[in-house]
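A.B. asks: Residues per chain, in single letters:
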Amino acid sequence: MTSRIGVVVFPGTNCEHDAVVALDQLGADASLVFHTETSLKGFDGIVLPGGFAHGDYVRPGAIARFSPIMDAVSAFGNDGGPILGICNGFQVLCEAQLLPGALQKNRGLTFLCKPTTLIVSSTRSVLTATATVGQELSIPINHFSGSYTCDSETLSMLRDQERIVLRYRENPNGSIDDIAGITNEAGNIVGLMPHPERAISSLLGSQDGNVLLSSFLHSSSTAQV
Amino acid sequence: MAERSETSEALHRALGLTDSEFDDIVSALDREPNALELALFGVMWSEHCSYKSSRIHLKRLPTTGPTVLVGPGENAGVVDAGDGIAVAIRIESHNHPSAIEPAQGAATGVGGILRDIFTMGARPLAVMDPLFFGEPNDARQRWLVEGVVSGISNYGNSVGVPTIGGELTFDRCYQSNPLVNVLCVGALPVERLVLSAATGTGNLAVLLGSSTGRDGIGGVSVLASAGFEGADGAATLDDDKRPSVQVGDPYEEKRLIEACLALLDEGLVVGIQDLGGAGLACATSETAAKGRVGMDVDVTAIPRREPGMEPWEVMTSESQERMLAIVTPAGLAQVEALCAQWEVSATVIGRVTDPGIDANGEPIGLLRLRDGFDGEILAEVPAAALADDAPLYERPMAEPASRAALLDDDPTDALADIDGTAAVLALLGDAHLVYQQYDHQLFLNTVIGPGADAALLRLAGPGLPASSKGMAISTDSNPRWCALDPRAGTAATVAEGLANVAVTGATAVAIVNCLNFGNPEHPEVMWQLSESIDGMTEACLAYGLPVIGGNVSLYNESGGVDIDPTPVVGTLGFVEELLERPPSLAWEAGETLVLVGEREAIGAHAFSLAGSSLAVDVAGRRGGTLFVMDSDAHKATCAFVANLVAESAGGSDGLLASIHDVGSGGIALAAAEMATASGVGVRVEGIQGIAEAFCEHPGRFLATTRDLDALVERANVAGVALSVLGQTGGDDLSIDALVSLSLEALIYRSNHALGEALDAASAS
Numbered sequence: 089m090t091s092r093i094g095v096v097v098f099p100g101t102n103c104e105h106d107a108v109v110a111l112d113q114l115g116a117d118a119s120l121v122f123h124t125e126t127s128l129k130g131f132d133g134i135v136l137p138g139g140f141a142h143g144d145y146v147r148p149g150a151i152a153r154f155s156p157i158m159d160a161v162s163a164f165g166n167d168g169g170p171i172l173g174i175c176n177g178f179q180v181l182c183e184a185q186l187l188p189g190a191l192q193k194n195r196g197l198t199f200l201c202k203p204t205t206l207i208v209s210s211t212r213s214v215l216t217a218t219a220t221v222g223q224e225l226s227i228p229i230n231h232f233s234g235s236y237t238c239d240s241e242t243l244s245m246l247r248d249q250e251r252i253v254l255r256y257r258e259n260p261n262g263s264i265d266d267i268a269g270i271t272n273e274a275g276n277i278v279g280l281m282p283h284p285e286r287a288i289s290s291l292l293g294s295q296d297g298n299v300l301l302s303s304f305l306h307s308s309s310t311a312q313v
Numbered sequence: 221m222a223e224r225s226e227t228s229e230a231l232h233r234a235l236g237l238t239d240s241e242f243d244d245i246v247s248a249l250d251r252e253p254n255a256l257e258l259a260l261f262g263v264m265w266s267e268h269c270s271y272k273s274s275r276i277h278l279k280r281l282p283t284t285g286p287t288v289l290v291g292p293g294e295n296a297g298v299v300d301a302g303d304g305i306a307v308a309i310r311i312e313s314h315n316h317p318s319a320i321e322p323a324q325g326a327a328t329g330v331g332g333i334l335r336d337i338f339t340m341g342a343r344p345l346a347v348m349d350p351l352f353f354g355e356p357n358d359a360r361q362r363w364l365v366e367g368v369v370s371g372i373s374n375y376g377n378s379v380g381v382p383t384i385g386g387e388l389t390f391d392r393c394y395q396s397n398p399l400v401n402v403l404c405v406g407a408l409p410v411e412r413l414v415l416s417a418a419t420g421t422g423n424l425a426v427l428l429g430s431s432t433g434r435d436g437i438g439g440v441s442v443l444a445s446a447g448f449e450g451a452d453g454a455a456t457l458d459d460d461k462r463p464s465v466q467v468g469d470p471y472e473e474k475r476l477i478e479a480c481l482a483l484l485d486e487g488l489v490v491g492i493q494d495l496g497g498a499g500l501a502c503a504t505s506e507t508a509a510k511g512r513v514g515m516d517v518d519v520t521a522i523p524r525r526e527p528g529m530e531p532w533e534v535m536t537s538e539s540q541e542r543m544l545a546i547v548t549p550a551g552l553a554q555v556e557a558l559c560a561q562w563e564v565s566a567t568v569i570g571r572v573t574d575p576g577i578d579a580n581g582e583p584i585g586l587l588r589l590r591d592g593f594d595g596e597i598l599a600e601v602p603a604a605a606l607a608d609d610a611p612l613y614e615r616p617m618a619e620p621a622s623r624a625a626l627l628d629d630d631p632t633d634a635l636a637d638i639d640g641t642a643a644v645l646a647l648l649g650d651a652h653l654v655y656q657q658y659d660h661q662l663f664l665n666t667v668i669g670p671g672a673d674a675a676l677l678r679l680a681g682p683g684l685p686a687s688s689k690g691m692a693i694s695t696d697s698n699p700r701w702c703a704l705d706p707r708a709g710t711a712a713t714v715a716e717g718l719a720n721v722a723v724t725g726a727t728a729v730a731i732v733n734c735l736n737f738g739n740p741e742h743p744e745v746m747w748q749l750s751e752s753i754d755g756m757t758e759a760c761l762a763y764g765l766p767v768i769g770g771n772v773s774l775y776n777e778s779g780g781v782d783i784d785p786t787p788v789v790g791t792l793g794f795v796e797e798l799l800e801r802p803p804s805l806a807w808e809a810g811e812t813l814v815l816v817g818e819r820e821a822i823g824a825h826a827f828s829l830a831g832s833s834l835a836v837d838v839a840g841r842r843g844g845t846l847f848v849m850d851s852d853a854h855k856a857t858c859a860f861v862a863n864l865v866a867e868s869a870g871g872s873d874g875l876l877a878s879i880h881d882v883g884s885g886g887i888a889l890a891a892a893e894m895a896t897a898s899g900v901g902v903r904v905e906g907i908q909g910i911a912e913a914f915c916e917h918p919g920r921f922l923a924t925t926r927d928l929d930a931l932v933e934r935a936n937v938a939g940v941a942l943s944v945l946g947q948t949g950g951d952d953l954s955i956d957a958l959v960s961l962s963l964e965a966l967i968y969r970s971n972h973a974l975g976e977a978l979d980a981a982s983a984s
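Protein chains in written order, with this note's numbering: chain A, 89 to 313; chain B, 221 to 984.
Quick caveat, the hints were computed from the structure, so don't treat them as lab data.
Wrong hints could be hidden among the right ones.
[Unchecked claim] What the simulated footprint calls covered on chain A by chain B, stretch by stretch (three residues with Cβ under 8 Å from a Cβ of chain B suffice, anywhere in the stretch; the number is not a length):
no.: 1; region: 143 to 151
no.: 2; region: 264 to 277
no.: 3; region: 284 to 291
C-beta atoms are modelled at their ideal positions from N, C-alpha and C, and glycine is treated no differently.
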């Protein structure tokens, strides 16, 4: 069944079209949802794409969490619906406390746009369910504030519950425990800093992003929302 | 001529106008201008806006071609790319703002060029930044480099347009006057092309975007159209110009882009113009002049950032992130609603009125500034007088007296015994520290990004018809060549652009130029500019390339010393079908290395080091006679390479396994860069000496193949020269007895050269 995916657009979001292209290429029916909407009825999965929502003013994601659509996003997630936050979307999910921890400025204090190698660390999430633990994926990063951090209790919990889904093989930004992506306890809400939608064809240099996005679509088509 | 009153005499000079320009204004108006009118002329007749020193020379450039939809004179040049898609391209300079305030100067340079592109109806898809700094040996240069790069990074990334390449040049001539150029390409469905003319009496002029503040007043005149006082990096003497630098907000610009493209999609815009240099004065007078209509502007309706702003400040402010749209009264409500969705302010500030009538009874554009919509007229000026009728100067020209001695000082023989190994290490260095700070992948188009000969993009984007074409863009410059011979150097720079896009498999279709020169009141600078334009004209005619847009940046001087002539060329090309990746510069072991193209330059010197990176950057020898180009051979070689690259894309069955243009540093550096990128060594044999290893005449490519016989056959059929230089493999780069380096040393140096140079600067 074709998954209907809503891609949320805040003012300042800029990866929304790329997310739609990548998801549609894998057979999804993706469409844009403006941040002033209040309902996500009819969608099988939600993507919060990358960019600079509300200009990243105050902190990345700090204003976006108050956008009207976010109540519906929370409700969608609490009902078990698959939610994927990519880059700025991950920052929004942390600010909205749908995921624990926070993303701070990169070690080195510069923006980084470069290829990275990710290692699948857990398949206990909608993003990695059909991948294999230990699988290496070449997927680029593109962020200034991508260094994941949390307190030690949270880190232990994330490890114990196998909620660290992706790690960097070579840590580019100083993230604690090389974390590139995490999930919530139920595994249906995932955030990652790298951009799987930028790795969807050999023409662009890698198609490893399809491993993650097709897992997300598979989960969306089977989720009972 | 009537006597000038004392007050206006003091005022017009303070605004940067000469006495004779003031007299021209009096004739144009048939009366003495008031202070507000004088302020409008002050910015519009500035060198930066009016091109008054360069325009008579620019006329010589070829500007038309079969695919050109819009040539110079509009906000951007536009070519028909086929498949229902038009591509808009433009290049600008933001040199002086960046010298005074590097982060904001560079950021607003990006913002300005994006507006030029979406003004045409195109979505901006990519930016490239050619940057020129002094030698990275002092803390001030590091402050400039870091400021400029962070400004581009912050603004470009946040506004959502990828930065896909550029240039990074260090030379002492930019020590006090860095150059920050920025090129932007965008694309649009061909039928959506809009121009900037205002039409339709009764239509409304709506100001979109940011409020108007006191930033950037006099940016085009005081700042951009005068040299710096400070010499040897002591630009603190010019710090009082900082308020003339604009301040940018990429989030405002991002929403403005989305709102404007939505307005154009809905067909709600009659004409649209961005507010850049000279702000509202420029936008209102240019739209009125082009449409030959009257434009009544209520100065009090313009949203201000602070109270107490005078009308002249409001009209000449260069506050960023503003656009002027001409809309119908019936469409206004829809315009306001769409803008509200994107949280973009939209304010009616004027209306289109009946045109003025000139002496021949013809309609002419007329700009009227009023205090309230039907209030007192504060200024009334024929729009064309502001926009088009600045005086044109045929400034004196003279070849520099020192040039004969310079040409005689050829370094080629003197450098025959220089250490080639040390020279390769000195010249090697990758700019990844800079370009990894730029988002270069947004829109999923970037097939080849920064750090290569040219960038290669898929021709795709939101709202565009489907296409499998590719678009290649290269920016090129060579001040070392142009300092010796601005004419031949500029022609060779155009040739470099042609070669760089050929490496991606593309055929060049047009160029844009950014002519960065010194003070036009120096006859030597005008000679350089004129020679450079002649060289560009010759090359464009030889290669069939129209110049579809450009920018002239003069007064790049400090303490009375001019920069070396620095014409920057942006070359646009297309690949007919881009389905798989073309060969890169990385080879594998067991391939045959060949030189494609004529080994020797024509003319007296087969291998000349004059103007080469080896002579200038390594040995400090800036003299000599530049190589002579064979443009016919170059054109044939580039076409041959482009075809082979396109054929070789994607597979192991193509004739070319890897390819790289021979540019700065010659064959030696090109081989070093290929070995570094591959992690595989090479043994090169038969190079006749240091001069052949490091000479730079364009028209040569290094390539590897796994099927030498077939490649030789193809070259013979095409009439293109090809010579075998060696075999890939091993862990070393060796070029006869001239260069010998381990891969380890090459890779370390390539990764660390730039960082170490800048670190040394901060420690000093």
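A.B. asks: With reference to the structure, classify each hint as holding or not holding.
C.D. replies: Evaluated hints:
no.: 1; hint: 143 to 151; in the structure: holds (count 3)
no.: 2; hint: 264 to 277; in the structure: violated (count 0)
no.: 3; hint: 284 to 291; in the structure: holds (count 5)
The structure fails to meet hint 2 from the earlier list, while all remaining hints are met.
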